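Peer 1: Line by line, the protein sequences give chains A and B.
For the first sequence, position 90 (counting from the first letter as 1) is numbered 89 according to numbering that gives the first Met the number 0, and the numbering increases by one without interruption.
For the second sequence, position 69 (counting from the first letter as 1) is numbered 68 according to numbering that gives the first Met the number 0, and the numbering increases by one without interruption.
Hint data in this document are derived by calculation from the structure and do not stem from the laboratory.
Heads up, some of the hints might be wrong.
A few chain A positions that, by computed beta-carbon distances, are all more than 10 Å from chain B [unchecked claim]:
hint	residue
1	A26
2	P73
3	D123
4	G212
5	R239
6	L260
7	S287
8	R343
9	T413
10	P492
Listed next, with one range per pair, are the computed distances between beta-carbon atoms [what the hints assert, rightly or not]:
hint	chain 1	residue 1	chain 2	residue 2	range
11	B	R59	A	D155	53 to 59 Å
12	A	G259	B	A113	40 to 46 Å
13	B	R45	A	E43	20 to 26 Å
Predicted model, so just to flag it, every value in this text is computed and none were measured.
Glycine is no exception: its CB is placed at the ideal position from the N, C-alpha and C atoms.
Here is how the chains run, residue by residue.
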Amino acid sequence: MATEPTDVLIVGAGASGGVVARRLAEAGFRVVCLEQGDWHDKAEYRGPELDWELTMRKQWSTSPNVRGLPQDYPIDETDAEISPLMYSAVGGSMLIFAGAWPRMLPSDFRVRSLDGIADDWPLDYQELRPYYERTDREFGVSGMGGDPAYPAGGEDPPLPPLPIGAGGLKVARAHVHLGWHWWPEPNSILSVPYDGRRPCVQRGTCQQGCNEGAKASTDLTHWPKAVAAGARLVTGARVRRLETNKAGLVTGATWLDREGLEHFEPARVVVLAANAIGTPRLLLLSASPAHPDGLANSSGLVGRRLMMHPFANVGGLFDEDLESWQGQFGCSIESFQFYETDERRGFLRGAKWGLAPTFGPINAALPSRAGTQVWGADHHLHVRSHLGRGANWGLFGEDLPDAANQVALSPTLTDSSGIPAPEVHYRVSENSRRLLDFHIEMATQSLKEAGAHTVEVDRLMRYSGWHLLGTARMGDDPKTSVLDRWNRAHDVPNLYVVDGSCFVTSAGVNPTSSIVSLALRAADHLVETRSSQRVPA
Amino acid sequence: MSVQADAVGGLDAGQRATLTAVAAHLIPEAHGMPSAGDIIGDKRLRFVLEARPDLLEPLRAALRAGLPDDPGARLAALERDEPDVQGALLLVIVGAYYTDKVVRERLRYPGQEAKVLQSWKYPVYLEEGLLDSVLAHGAIWRDPSTGRTAVEERSPLATPTERGA
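Next up, chain A with everything else stripped away, as it sits in the complex (with noise of 0.2 Å):
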């Protein structure tokens, strides 16, 4: 058991605990992180082998649920109309993440201000972009600058684009003819040698861990090099509850190992980075006599305004052979046509469309998403018509907030060490609804003017919980949001949040690069405040 308090003590190894255990252990700080996951070697990744259409249905679904391992909590999602998804591990979910790293918007940091619903963030894109450029290069971002989507100036990307692929060179001269917008996706995967590390092999499988180590995760990119500087990183170690002190300031973590053994780690800071689910969590699973309802509640927003993005999957078929079984999983091209608020539409805000590959012969033949399924004689012919020869369009709505949609924790489920599980309470709401049939219509249009003689839509795919934000939103009003602009809860001056909770609207954009850009800030602050910072006496 450790004694003496270590600086800072972070929840969580992966992409956001990932980047402040690195800024802060090579500033001189003593860093601890408690991680309920394991180190994985590249090696155990399914990609090259046969089973891998068969093990990323179970032992490497995106979902804990499915997955069901010892280092996984169950989730209560029976009132949830989307199931959310992660994977605790050194790296976290970044070990199954697609890579597509695009950046948030100037107007989605100003949705109160330009469309008069949801909020304004305290901060703008102009003072987060900095971070971003950084971020780019400590993960090795591949893309290609000058997008007209987004403020000129500033850094391109450190690396070149990724291909496009033949389907996506499809697409892209069909978005030339109707002029609409495309541009080569950004991806936190190589395209070039970075960093000690491989470039892509355009395998298909970066949803089921990267065996080149291309795609960025911090088990790569960061917690290497915060081990070298002094930070210590304990796995198998899953957080009961925070603990605090007579003054409010959170005094350390109560932890179990995987014996069950249970351990008190004294910290002066605590950092919270465990996702928009684990977060609130354990924050709702450290309410005490001083916090009834759970630490750093005071807003009564912790767990709330839950946002996931409601995720439509728009797919082409095409006579010709295209390999779409091959290429970064990722995104080859994205299109932000349809990104910004035109009223006329019947909604309020847009969806960023991203370009992917499709899977291998399993997937073909099973039922699809878009339920179609295809048996006897006529099967061999379905499976040729898919195989190979598709492109799909994945639509990310932007999720407006709803104090409604949360986390709570559940009176009755627990995991295998008999700590409440989070519950989660979701509806997807009339606005998202509307924006997602008119995104799929323009998806549509966009693949039949490809080419694609067929195009097939999941409409409102149930397992497409990537996107976890918002429990503990940031704001510069304690009775209106869990944190500050830095990150600090506004109740308890030593705690930090540092993941997607901490989000304020969902944008319409995949959100690891602006996670990771918002914890370096985060992390940066912490730095530059060290000799004020209030800590336990």
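Assemble chain B onto chain A, guided by the hints.
Peer 2: Chain B alone, transformed into the frame defined by chain A:
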């Protein structure tokens, strides 16, 4: 994770015959492709169950006596009453069939290959000027200071010669 060495043999002759019949019903010989009933022997079944030992129990349930003998009727009953069991049965059959070497060769599917990125090649989309067309439309982001689409000067993309291609 591993499955018991006798797991495949754990299915009795009747269950194996049922599996063959259902597989042939779902994926018959046609269009130059073999029947799944012919392809799915011990080797392929063992492969699937070693990769996914959790499928063994629902597979046994799907093949149990007491359900209709007719493959189509059995599948329909499972879909109606036990969709998870039916899903497992489909996955076993499809997984065993499409990991077979002959099947993959006939589909011309080599698996997920590692390819060398030719990052030194000038992209076709730049040669065709496809991004120049996008840039010609100007900025499309909404400027929060005005609420309108931004107006800004931009440099054109470098030509192939300027990029050293």
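Peer 1: A separate judgement is required for each hint: does it hold in the structure or not?
Peer 2: Checked hints:
1. A26: holds, 33 Å
2. P73: Answer for P73 (chain A): holds, closest chain B Cβ roughly 16 Å.
3. D123: violated, 7 Å
4. G212: holds, 13 Å
5. R239: holds, 29 Å
6. L260: holds, 27 Å
7. S287: holds, 40 Å
8. R343: Check passes; 15 Å lies beyond 10 Å.
9. T413: holds, 22 Å
10. P492: Per Cβ check, P492 (chain A) is outside 10 Å of chain B; nearest 31 Å; holds.
11. B:R59 - A:D155: 53 to 59 Å: holds, 57 Å
12. A:G259 - B:A113: 40 to 46 Å: holds, 42 Å
13. B:R45 - A:E43: 20 to 26 Å: holds, 22 Å
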